[in-house]
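Peer 1: Sequence lines, in order, name chains F and E.
250 is the number that this note's numbering gives to position 250 of the first sequence; each next residue is one higher, with no gaps.
256 is the number that this note's numbering gives to position 256 of the second sequence; each next residue is one higher, with no gaps.
Bear in mind the hints are in silico, worked out from the structure with no lab data behind them.
As the structure is a prediction and not an experimental result, all values here were calculated from the model.
Using N, Cα and C, we set each Cβ at its ideal position, and we do this for glycine too.
You may find that some hints are simply not true.
Said to hold, decoys possible - Incomplete in silico selection of chain E near chain F, CB under 10 Å: (1) R6; (2) E193; (3) G196; (4) T202.
Stated by the list, open to error - Negatives, chain F to chain E, calculated, CB over 12 Å: (5) S51; (6) G52; (7) G65; (8) V109; (9) Q139; (10) P153; (11) R183; (12) S233; (13) I312.
As the list claims (entries may be wrong) - Covered, in the sense of this in silico footprint (three residues per stretch, anywhere, with C-beta under 8 Å from a C-beta of chain E), are these stretches of chain F: (14) 68-74; (15) 131-138.
Below are the chains, spelled out letter by letter.
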Amino acid sequence: MSEDVTLSNISMDFGKFRAVDHVDITIKAGEFFSFLGPSGCGKTTILRLISGFMDPTEGKVLIGGKDMTGTRPNERPTALIFQNLALFPLMPIWENIAFGLEVRGIDKVTRRAKAEELLKLVDLHDSADKKVSQLSGGQKQRVAIARALAVEPKVMLLDEPLSALDLKLRQHMRAELRAIQKRTGVTFIYITHDQGEALAMSDRVGVMSQGVLQQVATPNEIYNNPANGFVASFVGENNIFDGKIKSIKSGEADYETSLGNFAAKIGPDVSKDTAVRLYVRPEHCTLSKTAAKTGNSIAVEVTEAAFEGNFINVFLRDKVGNTHMAQVQNDPGAPPPQRGSKVQMNFDADHGVLLAHAKTRS
Amino acid sequence: MSELIRRYGTSLTWIIIAFTAFWLLVLVLIPNFVLFEFSFKPYLPVDQLGGPKDFYSLNNYWTFFTSPIHIRIFFQTVLYSSAVTILCLLLSYPLAYFLAKVVDAKTAPSIFLLLIIPLWVSEILRSFAWFIILAYNGPLNALLQGIGLEPVRWITGFNAVIIGLIYSYLLFMLLPIYNAISSLDTNQIEASEDLGASLWRTHWRVVIPHSKPGIASGCVMVFMLCAGSVIVPSTLASPSSRWFTEIIQQWMFEGLDWNTGAAYAFLLLALCIIFVSLVMRVLNVRLVDIAK
């Protein structure tokens with residue numbers, strides 16, 4: 001059915017440039033795993049290493065425990081869905097889907113039947129004889145999925161396949177992909193720079209920056225307990241404060257900034273001498289007229305209030321000129337914060353976390 | 001038309017059209033019509049022109065069909081032009097694929113330069129160069145003997161003509177195929193491999209179908225250039241190899257019989273048209289695809 005994939009301490013160099021740096025991880029069989037990171041972070045390189053278009057400079061790729069070094073893509077139990085889908089425009093839809101079966105020498109009648117069956121699976125019943133150019137973006141997407149499923153891969157690799165679709169279709173296809181993955185039980189490895197996609201679909205997410213795997217955890221864990229400053233600022237929004245730790249007492253630190261001292265909890269692997277920043281999510285910030293008695297409070301001025309419906313994003317400026325954001329619930333009874341008004345931004349010590357900078361190359 | 005006027009203004013548009021019309025009418029159509037008319041008239045001394053013997057007939061064409069040697073040369077020209085076309089295709093396709101998809105973008109221009117530099121020398125000189133290279137006591141045989149092989153008599157039958165024609169027209173095959181393969185999305189090649197296809201099948205099912213218009217235009221071009229070539233066959237010919245263009249040249253310049261020469265030339269033209277339609281039928285491409 002499906003196989004696990006182990007990246008055993010792999011690195012990949014292109015000339016002097018190191019695209020992937022000592023990535024070491026096992027993706028479980030049947031898991032929906034996402035690599036999340038900005039463009040140029042090495043995630044596409046990882047996908048090409050797993051699919052076999054290149055072999056790592058150091059380390060090994062194992063699929064189902066078998067060393068894949070030197071095995072070409074056409075002999076690996078993987079199927080890749082390309083960012084631009086790479087459907088064959090000169091073949092009708094059903095031949096596209098059955099291409100993997102054709103190269104395995106399966107007869108035409110069986111091929112056609114299998115293609116029809118897969119077209120049903122992806123909800124495209126009457127499209128077998130259509131041309132690729134006759135389909136819409138979302139339909140092409142489904143054909144690409146069907147074509148990859150036809151070869152019954154143990155591992156499915158997806159390279160930002162939703163990036164070309166419009167927002168509504170993208171959200172629909174997210175649910176669809178997730179459903180197909182659960183139905184088939186195939187291991188899905190998904191590459192994206194869109195945190196919404198990664199968080200909504202995945203069992204686990206690996207966040208990458210500059211070729212280094214920063215954190216591997218469930219979406220919930222990634223958002224609520226980021227391992228370092230890169231993860232915190234790449235996934236979701238954060239208000240960031242520069243400063244340094246003065247003292248640490250029972251997991252809580254006294255943090256000194258140009259705006260005064262704050263109490264905050266300390267992140268993983270942070271000690272008194274670690275270079276850190278303070279991260280506070282906008283939804284954990286509250287606004288009040290006067291400073292709160294307990295917790296942290298900063299005097300700020302409202303520069304903008306963006307009404308988003310169920311909540312309001314309030315943009316604020318502190319006395320040294322840095323901007324912050326507080327996300328407050330929409331309250332039909334109260335007027336939205338006025339631009340120019342002087343308020344206090346408050347957050348609990350529990351919700352401010354001191355995180356080290358991103359892991360860099362070793 | 002209205003688009004042209006909008007872009008270039010009325011007067012410039014008419015000038016452009018006038019030049020195109022001049023080229024097409026005066027330099028292409030009229031000479032061809034004149035020759036076409038010639039081909040149906042007998043070759044007569046000047047004082048008998050317009051006389052009782054000057055009437056239209058198919059006699060000039062009949063001359064060809066009653067001369068077994070000319071018929072044989074005609075079919076040899078077809079056969080060896082086809083052979084050159086196929087050999088050019090076999091040589092060009094791997095090279096075009098290599099240049100378009102394997103070599104990195106920085107090296108490809110230098111390779112192209114190396115391929116194009118020989119074209120800076122005129123065709124006559126290049127043919128003579130091959131004549132020297134292939135001569136029995138020439139450098140190629142010296143090389144063969146140097147590595148302990150027997151010398152080969154290259155310039156015999158159609159051998160040297162075929163070598164010379166391949167050398168002269170290879171680029172006309174290479175460039176259209178290169179263009180066609182370049183326009184193929186590399187992801188499609190990778191997708192095919194990822195789905196389990198062997199290299200051979202990826203070419204058969206993905207790369208070749210995509211580059212068919214390029215292959216067709218390359219074949220058409222090389223065949224027509226070969227069938228119409230004069231310099232290479234007359235330079236590199238052996239006593240037993242004659243090219244149909246040489247017969248036309250003989251009628252026109254040695255026999256001064258433009259009428260029979262014209263008839264022969266139109267037979268060659270007809271042949272080329274038949275070949276082009278055949279290639280298009282076999283490869284299932286339309287004329288517009290080739291024109292691209």
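Peer 1: The structure should be examined with respect to each hint, and the outcome stated for every one.
Peer 2: Do the hints match the structure? See the list:
Checking R6 of chain E against chain F: minimum C-beta separation of about 31 Å lies over 10 Å; hint violated. Given hint, E193 of chain E at the interface with chain F, holds; its Cβ is 5 Å from that chain's nearest Cβ, closer than 10 Å. Nearest Cβ of chain F to the Cβ of G196 of chain E: about 5 Å, under the 10 Å cut. The hint holds. A cut of 10 Å between beta carbons decides the hint on T202 of chain E: the least distance to chain F is about 9 Å, and the hint holds.
Consistency note on S51 of chain F: stated as away from chain E, yet its beta-carbon is not over 12 Å from all of that chain's, at 6 Å minimum. Distance check on G52 of chain F: its Cβ comes as close as 8 Å (rounded) to a Cβ of chain E, failing to clear the 12 Å threshold; non-interface status is violated. The beta carbon of G65 of chain F sits about 21 Å from the closest Cβ of chain E, which is more than 12 Å, so the claim that it is off the interface holds. The Cβ of V109 of chain F lies farther than 12 Å from every Cβ of chain E, with a closest approach of about 19 Å, so its non-interface assignment holds.
At roughly 17 Å from the closest C-beta of chain E, the C-beta of Q139 of chain F stays outside 12 Å, upholding its exclusion from the interface. Non-interface call for P153 of chain F relative to chain E: violated, since the shortest CB-CB distance, roughly 9 Å, does not exceed 12 Å. With a closest Cβ-Cβ approach of about 21 Å to chain E, R183 of chain F is found to remain outside the 12 Å limit, as its non-interface label requires. Listed as outside the interface, S233 of chain F is consistent with that label: its C-beta sits roughly 32 Å from the nearest C-beta of chain E, beyond the 12 Å cut-off.
The Cβ of I312 of chain F lies farther than 12 Å from every Cβ of chain E, with a closest approach of about 44 Å, so its non-interface assignment holds. Taking a C-beta to C-beta cut-off of 8 Å, the region 68-74 of chain F contributes 3 residues in contact with chain E, enough for the three needed, and the coverage statement holds. Residue count for the region 131-138 of chain F with a Cβ under 8 Å from a Cβ of chain E: 0. That is fewer than the three needed, and the coverage hint is violated.
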